[in-house]
Every structure is written in structure tokens, then in C-alpha cells.
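A.B. asks: Residue-level listing of the chains:
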Amino acid sequence: MKIAVCLKQVPSRDSYLRLNSTSTWVQETDIGFEVNEPDVYALEEALRLKETAEGTGHEVIVCTLGPARAQQAIKEALAKGADRALHLEDAAFEGLDSFGTARALAAALSKETPDLVVTGLQSDDLGCGQTGVILAELLGLAHSTIIMEIKLEGQKLKVKRELEAGWFQWIELPLPALLTIQSGINKPRYATLKGIMGAKSKPMRKLSLADLGLAASDLNPKQRILSMNLPIRKAKTEFLEGNPKEIAARLADKLKNEARVL
Amino acid sequence: MPIDVLIVAEHQGGKLARATWEAVAAGQSMAADSGGAASVVILGNQISALADELAKARLSEVLAVQSELLSNYTVDGYVFVLAKVIRERAPDYVVLGHTYQTRDFAPKLAAVLGAGFVSDCLGYRKENTKLIFNRQVFQGKFEADVEPRGQPPWLISFQSGSFREDSVERAESHVSAVQIEIPPGTIRTQPGERFREARQTVDLGQAEIIVAAGRGIKSPDHLEMVKKLAEALGGEVGASRPVCDSGWLPMDRQIGSSGQTVAPKLYVALGISGAIQHQVGMKGSRTIVAVNKDKEAPIFEIATYGIVGDLFEIVPPLIEEIRKIKAG
Ligand SMILES: Cc1cc2nc3c(=O)[nH]c(=O)nc-3n(C[C@H](O)[C@H](O)[C@H](O)COP(=O)(O)OP(=O)(O)OC[C@H]3O[C@@H](n4cnc5c(N)ncnc54)[C@H](O)[C@@H]3O)c2cc1C
Ligand SMILES: Nc1ncnc2c1ncn2[C@@H]1O[C@H](COP(=O)(O)O)[C@@H](O)[C@H]1O
Chain A
1 MKIAVCLKQV PSRDSYLRLN STSTWVQETD IGFEVNEPDV YALEEALRLK
51 ETAEGTGHEV IVCTLGPARA QQAIKEALAK GADRALHLED AAFEGLDSFG
101 TARALAAALS KETPDLVVTG LQSDDLGCGQ TGVILAELLG LAHSTIIMEI
151 KLEGQKLKVK RELEAGWFQW IELPLPALLT IQSGINKPRY ATLKGIMGAK
201 SKPMRKLSLA DLGLAASDLN PKQRILSMNL PIRKAKTEFL EGNPKEIAAR
251 LADKLKNEAR VL
Chain B
1001 MPIDVLIVAE HQGGKLARAT WEAVAAGQSM AADSGGAASV VILGNQISAL
1051 ADELAKARLS EVLAVQSELL SNYTVDGYVF VLAKVIRERA PDYVVLGHTY
1101 QTRDFAPKLA AVLGAGFVSD CLGYRKENTK LIFNRQVFQG KFEADVEPRG
1151 QPPWLISFQS GSFREDSVER AESHVSAVQI EIPPGTIRTQ PGERFREARQ
1201 TVDLGQAEII VAAGRGIKSP DHLEMVKKLA EALGGEVGAS RPVCDSGWLP
1251 MDRQIGSSGQ TVAPKLYVAL GISGAIQHQV GMKGSRTIVA VNKDKEAPIF
1301 EIATYGIVGD LFEIVPPLIE EIRKIKAG
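Quick mapping for you: the protein sequence lines, in order, are chains A and B.
If you're matching positions, the first sequence starts at 1 in my numbering and goes up one per residue.
If you're matching positions, the second sequence starts at 1001 in my numbering and goes up one per residue.
It should be emphasised that the hints constitute simulated quantities derived from the structure, not laboratory data.
Note that the Cβ used here is the ideal one computed from N, Cα and C, for glycine as well.
One or more hints might be untrue.
As the list claims (entries may be wrong) - With a cut-off of at most 30 angstroms between alpha-carbon atoms, the simulated DSSO-like pairs for lysine-lysine come out as follows:
{"id": "1", "chain 1": "B", "residue 1": "K1293", "chain 2": "B", "residue 2": "K1227"}
{"id": "2", "chain 1": "B", "residue 1": "K1265", "chain 2": "A", "residue 2": "K256"}
{"id": "3", "chain 1": "B", "residue 1": "K1228", "chain 2": "A", "residue 2": "K256"}
{"id": "4", "chain 1": "B", "residue 1": "K1056", "chain 2": "A", "residue 2": "K254"}
{"id": "5", "chain 1": "B", "residue 1": "K1218", "chain 2": "A", "residue 2": "K254"}
Claimed, not checked - Covered stretches of chain B, going by a simulated chain A footprint (3 or more residues, C-beta under 8 angstroms):
{"id": "6", "segment": "1137-1149"}
{"id": "7", "segment": "1185-1196"}
{"id": "8", "segment": "1280-1292"}
{"id": "9", "segment": "1318-1327"}
Working from the sequences, and respecting the hints, build out all of it.
C.D. replies: Next comes the structure, spelled out in C-alpha cells:
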């Protein structure tokens, strides 16, 4: 079984984010990056499927589109147990929308003909929640989204799809297929020291626009961010200040006398 | 140039989704500003009552596509039918609520049509003849103005609560039945029944006071402190999704779009950033206290009282103060 995992590298949660000079994205120079949260779960799911599948010859391929820094995300995935990686890197890939990203990923993955592709359900930065589903269509795969459990039953998958407000639904679909994975589906592993050492010798293939057989115009965005701003606060929040003890006393007083909940 | 809008309805268990009425409000508004037409399309089996209900909104028509193959939602069935309807009617915009179902099929529909899809929008504004859409990025830390590019149609989904159901304009509209044959083999997925996990042991919906822990509590060891605060206040402990995902608290403590919806008298959010999926589950709370070390955290947009600081410094004296008041 050949499983491909789409991993995106995004600004880390703890980074203090500021807008760039044109207010069209965040300033990326002095922040940290990490693997997009649901993608971490997607990778873990792929590794588990590989490890529990019968027979041999199973493989997990990581596929990441991003600048040079994204190699860190790839290395992490290889250290955790992925077998090899495709790194889509080209100046033409900068600032792609979900469609462009999916188009490039599809060009890379169509040559691999994976049995299963897993992606995160949504990226923490753009938050479009589209790339995986578009990729499924471009690769001609059946898909299901926001998955919380995967059962492999021969040439079929049985997956638990999360719905709103604590509801779920089992879906059956044929392989090959694409699933978008929800955070919480499993307990992701940490890389071991042995894994980290081993990752160094695993194949990482770089793919440019030309390698993918695409022209820049194939990736033309169907949407563009004009500008970004901090949310406008409808500001009714009363901020309490002082040292912790003072704040605690003031809040307790407000809870008693204003909110009347004590 | 008039803007024509086609709104996609969603229904479950014989009821229209609230997101559908919000999408109707959005679609009506987008069309009306330009003198265009807004229509709705609904897919299903035995849905005439729902189509009639939709026809009470001011629409140029309600298109009802009925087929046994549409009795249950499937992504392939929906995409096949909607692509056909959209190609025939050629609307400028296709408007949807940003629901789980939309997440499942709309990106595929967009890809089939070669259309752009601006998802999870908060609103729109007009700039000359164009519409510019506003949406959250970076988990609500920023908002972005987004311009759809290329050729129509464009798909637009709106976040829950962005438009109000009660602003839907009413009138008698017409229902048209549309016949579409879905070829055998089109639908590749087989959906099962919807279910809930049985192990729901607390009903946070009944709690008057909730103290909720977010990823900011760092480790399950610190839950003790959160529980003490909840005890001092006489309330229940709740959590954001990552806390439950990590197994620090059971799933039935999760508050938000995929967990419970609560509206207590007091909601204390400790180390919770306030992503929209969390907010929708608790923004109806009467008094909201937020403790967060990041002054830009989106939770402060809805908090009654805000404390910018380290929760580990604030919570212990707060427990003391509350105990004092309760004792005295
Ligand atoms: C389809 C879907 C459904 C979802 N459903 C839900 C849902 O039902 N419920 C839900 O909660 N989420 C849900 N999410 C996830 C949601 O998008 C957010 O990722 C999540 O709510 C973030 O949780 P958090 O605020 O605890 O963590 P973070 O966003 O990581 O925030 C942690 C916060 O803690 C603060 N902090 C850190 N240290 C301290 C300290 N010492 N003192 C004070 N503050 C500190 C930080 O400043 C930060 O703001 C869903 C997402 C998707 C895509
Ligand atoms: N640049 C990228 N490289 C690899 N995978 C990506 C990339 N962008 C998005 N994805 C995948 O698509 C999912 C959804 O992203 P988005 O559509 O941006 O919300 C992510 O969770 C990733 O799995």
C-alpha cells in the first residue's frame, strides 16, 4: 500500500505575528514554523496504516509544497517514519491559493499513483479547508472529509466522518481515495533519536514547476488577498489591570456585584 | 451589471439548516445591491415541503432536484447535480453556508467547474462592480479582504452567524422541479446513519458556570488548578478541542462547533485563543471572562472582562478571592 501525506509548514502557534509592509501576509522573517496541526495527525494515521497493513512493500510518502524552510517539516516527518519525500519548491509556488497548491500537488502525486492520500482538513494560516478536496478531484479519487477513524477493509475504506455538534457518520468508499484528517484522530508520536539519524539517508526529491510539467499560468490564483488587518473589535471588553492579586480581587468583586454570579 | 446568485440549500432530518437561511439572507443582499436575481437550489428526495418553505423567501425561483439517489447526502451526487444546474443557469455567484457538508463537496464542485471558491467568509463589500469578501486567516488573529479572480461563477461560503436569518426578505416565490438523471456508478461513497457517541456523561448545556481550559494550560498536571477554580465557583470544567484531542479531558467536555454548545451565566476561558469553532459554542454566555497572555487573542472580542496575563499567576489568587467572598 502506497500512502501519500500532504504536509504544510505554517507559522508556529507561539509566534508573535505581525503584518508585512504591504499588509498582504505576515512578516515571515523573525518567526518560527511548524507542521500544520491536522497534518501531524494525518501523518500519524498514514504511519499506523502502513505499520498495521498485512504483507510488505508498504510506503509512506510525504509531499510538501513550500520554500526551503519547509525542509524542516519534511525532516520531521521522515524522522517519525515516513519513507521518502517530495519537496515542491519553486519561486512560482509563492503565494498560491488552494487551487494552485492542489494543482501542483496533483502533478507530483499523479506519477506516484498512491492507494491513499491523506491531508489535513484545514491549514492554520490560510484556513481555506479546500486543498485536499480539490486534490481528490484533480486526481480522480473518491474522498471523504473531517475523518476521525479509518478502517481498511480489503479494497474498501470505512471511515468515521465528524459532523457538527458531536455527531458522526460512517462512510464506505473504494480505494484509491483521499481523506482529510481532523485533529484528535490519534495520538501522534514523537521522533526518536534513531529516527532522526535515519532520516538523513532517506530520499528527498525536489520538484520544480518544470519538473512537474506545469506552466506558471496553470497555477493562476482564483482568489487573491488584497489586504489583511487586525479584527475590528466591537470592544465592550473591560480589561482588568494591576498585579495578579489586585486583578483577582477586582474580578471577584465584579463577578459578585456586576455579573452577580457569586 | 446585475449580479445573479444561486444559493445552495442544506437540510437534515426533514428540516432546513439554519445556515441555509443565513445563506439566503447573504445571497439576497448580494443580488439586491446590483438589481440581480437570487435563486435557491435544493437537492433531495421527497423535499417538496422544504422547497415550499424556501419559496416563502423573496427569490426568483426555487429549483428542486429530486431523486432517490439524493435521499442521503453524498459528495458525488451533489457535485454531479450542482455542476449541471450551475452550468445551465450560469449564476455569477454560488452562495453556501460554511457547514461540514459544504466543506465536503464545495471545493470539489469548484474544481469541476474550474471556479474559485472563497470559503468561510464573514461578509462582503462592493468595490466598483466587484465584490470583495472578508474572511478570517491565522485562526482569527487577522482578517483578510479577498478578491475572486478569473471568470464567474465563484463559490462563496459564509461563516455561521455572518448573516441573520431574520433579515431574509419574504415574498411568494415559485418552485420549479428540475429533472436530472444521475448515471449509475456516479456515487462512489456509501453513507451510514448519523450517530452520537454514547459516552456523554456531562451535559454542560445545563451548567450555570463553566471554567474552560485551553491549550494555554500547557500540561494535564495543571488541570487540578482549573478544577479548583471551577469548584470554588460551583461550576463545571469545560475545554477547547486541543485539550480533549490530547486526551487531557474526555471529549464530552469539549465546547464548540464539534462539541457542546453552552450558554451559562458565567464562562471563564483560561488560555483559549477564541477560534471561531470555539466561539460558536460559548458566545451566548451571559458573562465571559478571558485570561490570555496575548492581548490580540480573538477571545477578547467577545469577553466581558479581559485579563491580559499569565493564567498561572492569575488563577491561584482568584481561587483565594472567590473562596473569601463565598465564605464571607
Ligand atoms: C472543523 C473544525 C471543528 C472544530 N471544532 C472545535 C470545537 O468544537 N471546539 C474547539 O475549541 N475548537 C474546535 N476546533 C479547533 C479550533 O479551530 C482551534 O484550533 C481551537 O479552538 C484552539 O484551541 P485553544 O484556544 O485551546 O488553543 P490555541 O489556539 O493554541 O490557544 C492557546 C491560547 O493560550 C494562550 N496562552 C498560552 N499560555 C498562556 C498562559 N500561561 N497564560 C494565559 N494564556 C496563555 C495563548 O496566547 C493562546 O491564545 C475546530 C476546528 C475545525 C477546523
Ligand atoms: N503547501 C502545501 N503543501 C502540502 N500540503 C498542503 C499545502 N497547503 C495545503 N496542504 C494540505 O491541504 C490541507 C488543507 O489546506 P487549506 O486548503 O489551505 O486549508 C492542509 O492541511 C494540508 O494537508
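A.B. asks: If a hint holds in the structure, say so; if it does not, say that too.
C.D. replies: We went through each hint and held it up to the structure:
A threshold of 30 angstroms between alpha carbons decides the hint, and for K1293 of chain B with K1227 of chain B the separation of about 20 angstroms falls inside it, so the pair holds. About 12 angstroms separates the Cα atoms of K1265 of chain B and K256 of chain A, which keeps this hinted pair within 30 angstroms; it holds. Using a Cα cut-off of 30 angstroms, the hinted pair K1228 of chain B and K256 of chain A holds, with the two alpha carbons roughly 18 angstroms apart. A hinted pair counts as satisfied when its Cα atoms are at most 30 angstroms apart, and K1056 of chain B with K254 of chain A does not qualify at roughly 47 angstroms.
For the proposed pair K1218 of chain B and K254 of chain A, the alpha carbon gap of about 28 angstroms is at most 30 angstroms, so the pair holds. Under the rule that three or more residues need a Cβ within less than 8 angstroms of chain A, the assignment of the segment 1137-1149 of chain B holds, with 13 such residues. Coverage of the segment 1185-1196 of chain B by chain A holds in this model, with 9 residues showing a Cβ closer than 8 angstroms to a Cβ of that chain against a need of three. Figure legend: the segment 1280-1292 of chain B, annotated as covered by chain A; annotation consistent (4 residues with Cβ-Cβ distances under 8 angstroms, at least 3 required).
Taking a C-beta to C-beta cut-off of 8 angstroms, the segment 1318-1327 of chain B contributes 7 residues in contact with chain A, enough for the three needed, and the coverage statement holds.
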